Amino acid sequence: MTGVTMGINSPLAGYLLVAALLFAIGLAGALVRRNAILVLIGIELMLNAANLNLIAFWRYGPHPEALTGMMFAIFSIAVAAAEAAVGLGLVIAIHRHTDTTDLDKMNRMKG
Amino acid sequence: MQESGAFTPQFATSAITGILWLIPVAPMVASGVIALLKQPRRKLAAGLAIGSLSISLLLSLVAFCHVVAGWAHGSVIREFVNFTWFRFGSSTVDLGWVLDPLASIMLVMVSFVGLLIFIYSVGYMAHDENFTRFFCFLSLFAGAMLGVVISNSLLLLFMCWEIVGLTSYLLIGFWYQKPSAAAAAKKAFVTTRVGDVFFLLGIVWLFSQTGTLLFYNHGVGSLEGLALVNLLSQHAGLGLSAAGAIGLLIFAGAVGKSGQLPLHVWLPDAMEGPTPVSALIHAATMVAAGVYLVARVYPLMQIGAAPGGTTTALTVVTWVGASTAVFAALIAVAQNDIKRILAYSTISQLGYMMAGLGLGGVAVGMFHLITHAFFKALLFLGAGSVIHGCHEEQDIRRMGGLKSDMPLTFVTYAIGMLALCGFPIFFSGFWSKDGILEAAQHWDLSKGPFYLLVFGALLTAFYMTRQVCYVFFGHWRGHGSAHESPKVMTLPLAILAFFAIALGVIGTPAWPWFHAFLSNRAASFDLHGFAEPGLGLLMLGSSCVVFAGLGLGWWLYGNKSPKPEAPDALEKSAPWLWKPLRDRLYIDEFYGVTVIAFYGWWARVADWLDRRVWGGIVAVIAWLFGLWARLNRFLDVDWVDGGFDKTCEEISSGGGLLSRVEGGRVQNYLRILAAAVVALVAILLWSSRP
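So the sequences go chain by chain: R and A.
Letter 95 of the first sequence, counting from 1, is numbered 95 in the working numbering, and no numbers are missing.
Letter 572 of the second sequence, counting from 1, is numbered 683 in the working numbering, and no numbers are missing.
Hints were generated in silico from the structure; no laboratory data involved.
Treat each hint with caution, since some may be false.
Unchecked claim - So these bits of chain A aren't anywhere near chain R, every CB distance computed over 12 Å:
#, residue
1, Leu133
2, Lys154
3, Leu172
4, Asp211
5, Gly234
6, Ala293
7, Trp316
8, Pro535
9, Gly559
10, Tyr702
11, Val716
12, Asp756
13, Asn779
14, Arg782
15, Ala786
16, Leu791
To be verified - Covered stretches of chain R, going by a simulated chain A footprint (3 or more residues, C-beta under 8 Å):
#, region
17, 19-33
18, 95-106
Every value quoted in this text rests on a predicted model; they were computed, and no experiment measured them.
All residues carry an ideal CB built from backbone N, CA and C; glycine is no exception.
Construct the entire structure; sequences and hints are all you get.
Here it is, written out as structure tokens:
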């Protein structure tokens, strides 16, 4: 990990556990849902889990006075917003084209 | 170092010698041009051939006059131009041409007789489809023959000699659609080749001994003093010097070309060719080339003879000639084909020439050659005229009574026939034949040739009388009616007939101009020439022999006109003699069961060897290679290919498997990604455990 060694009872572990749970829920949503929009929502959950990790490691890290973790999270949220916009745009475009958002029917992406 | 093959005349003594090469080249060029003409250009072809030969004749006459003029002023004319053809190592091969009395007289004879025959051919071949081809061959022949005459190098002579042989082949087989003509052409070619092999051996031997093939070259030619003495001093075994042995080898070539025993068999068959060819090649010129060759290399044969004596080589020449003369005359008695009789007669007369060379020297033999050329050409052209007039009939039993139907042909033919028989005083044949008989009479070694030749003279008169009786006397026994030939054919006959009579003048004992000319003595007119001891008796005797032959012939055949199917008069009185003569003394059959049978047997042996032995070896090797190939195939197909194919299959199916991962479903990719992350985390955790 990062060299910061703390026990399971420290406040960081609670954040990390929540983040891992959040990531697992997002991943499960992304893998099992067939609706492209729901998959996108799963991906957003995973991103936010990662953001939560960043904030947690910053807050309980050796230099909480520097705003690095916050900056990371803000960048990440910006990028995620852009990504969500592109992803939704793609889904709308595919929906217009094929009249479906079912991922199992979008299998033409092989080379 | 001059370039080899460069034309570098070393020496030219007069203008005519300098351009002597034009004489053979003119007809050869004409031949080449005619070969390029189309079939219908008949007039142009004949014109070119006759025109070029006229140029040759003109130049020959100039050359002849030049030599005669020089001789009259008492200077020996022997001019030559030599040049190097090529060199190898330190040896050079030189070619060249020579003008001397012998060559000049032959030049005039060949080009003159040739020209007359060319003119005659225009009429004779008028209806032949291949008129232009005929004149192409004739011109080539004339050029090559003139080349033989002027050659100053044995090699150049041999080349021209072979071209002559080639054209002879082409012309005998001119009507190649006839199987008999094609066979006769082949026979002539192969038979003369036998002699030519010996000739070539002689050439090689001469070159190895003297280092030159030039005849005359300022004292260092092969026929001049130094080389002859050198050749004489070497012994070749059997009592022959190298000179004599080489001379005999060259003579063997002449035997082939001149139809002497035992290589005469091709000449009668050669009559399958058109009649002008028979006249030109197989009577007047080509067959005389052999005699001319012997006359040309005479110094080789003569060297080492005591004064008035002879040498082994000349003795061989004499006996071959004399026996050929009688042998062929005997066969001629019992032939029924008008041209075959003349063919055997030609062989016989060539025998006389050879005997004349052996017995009496160049002049005696050459004089008979010249006179014979004229009257034999006359006889052949006359025979052609007869054949033409009788609708291509050649069997004398189906002719008869032509003396009224073809008067001009009859008169000229009779002149030729009397000249050939040696009818006394008025005909050239008498003087030339008497020269030979006289020489034979004075020969010290044996009187055999003399008796043979006298007997031959009797037979000659007999068979010619028989032929003339059959053809011209009695009544017509053929089909249709005979007609006289056109002027273009009879005019040459008349000219030749004139010379058949007139040529005798230059060779009588009273004025031996010809002999003096060839042997470089002054000629003078002296009636005392007749008064030589024994000469009158000889002339009387030979006249009696001729009259006996003529009388015998007339008694048996004169004016009787037997039916074509009836047996011959001689057959009735002496069948035991007739049959072997009619069958040509079984020489062809003899060759058939010896030489040809041997070759047939040898060919069968070779065939058997080829099929069984060599073929077997080849088959075994082929089988081994087949085995090796099958092994290779097995390795290739089952091992190499199999391994390769399997590898390819595996790669392909592996690719197929992997391609399923790339299914196009985003979630599948994500699943793999997630599984990989889980696996990665697991590895990290596992590896960082304490």
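Going through the hints against the structure:
1. With a cut of 12 Å on Cβ distances, Leu133 (chain A) stays outside the contact zone with chain R, its closest approach being about 91 Å.
2. Chain R leaves Lys154 (chain A) outside its interface by the beta-carbon criterion, the shortest separation being 88 Å against a cut-off of 12 Å.
3. A cut-off of 12 Å between C-beta atoms confirms that Leu172 (chain A) is not in contact with chain R; the least separation is 103 Å.
4. Every CB of chain R is more than 12 Å from the CB of Asp211 (chain A) (nearest about 102 Å), matching its label as outside the interface.
5. Look at Gly234 (chain A): its CB is around 97 Å from the nearest CB on chain R, clear of 12 Å, so calling it non-interface holds up.
6. The claim that Ala293 (chain A) lies off the interface holds: its Cβ sits roughly 81 Å from the closest Cβ of chain R, which is beyond the 12 Å cut-off.
7. With a minimum CB-CB distance of about 91 Å to chain R, Trp316 (chain A) clears the 12 Å threshold, and the non-interface call stands.
8. The beta carbon of Pro535 (chain A) is kept farther than 12 Å from every beta carbon of chain R, the shortest such distance being approximately 122 Å.
9. For Gly559 (chain A), the non-interface assignment is confirmed: its Cβ lies about 115 Å from the closest Cβ of chain R, beyond the 12 Å cut-off.
10. With a cut of 12 Å on Cβ distances, Tyr702 (chain A) stays outside the contact zone with chain R, its closest approach being about 92 Å.
11. The Cβ of Val716 (chain A) lies farther than 12 Å from every Cβ of chain R, with a closest approach of about 79 Å, so its non-interface assignment holds.
12. Non-interface status of Asp756 (chain A) relative to chain R is upheld: no Cβ of that chain comes within 12 Å, the nearest being about 27 Å off.
13. Once the 12 Å rule is applied to beta carbons, Asn779 (chain A) is inconsistent with being away from chain R; the minimum gap is 9 Å.
14. Once the 12 Å rule is applied to beta carbons, Arg782 (chain A) is inconsistent with being away from chain R; the minimum gap is 6 Å.
15. Look at Ala786 (chain A): its CB is around 10 Å from the nearest CB on chain R, not clear of 12 Å, so calling it non-interface is violated.
16. Every beta carbon of chain R lies more than 12 Å from that of Leu791 (chain A), the smallest distance being close to 14 Å; the non-interface claim holds.
17. Proximity of the region 19-33 of chain R to chain A, defined as three or more residues with a beta carbon under 8 Å from a beta carbon of that chain, is established by the 3 residues found.
18. Taking a C-beta to C-beta cut-off of 8 Å, the region 95-106 of chain R contributes 3 residues in contact with chain A, enough for the three needed, and the coverage statement holds.
Comparing the model with each earlier hint shows violations of hints 13, 14, 15; every other hint is respected.
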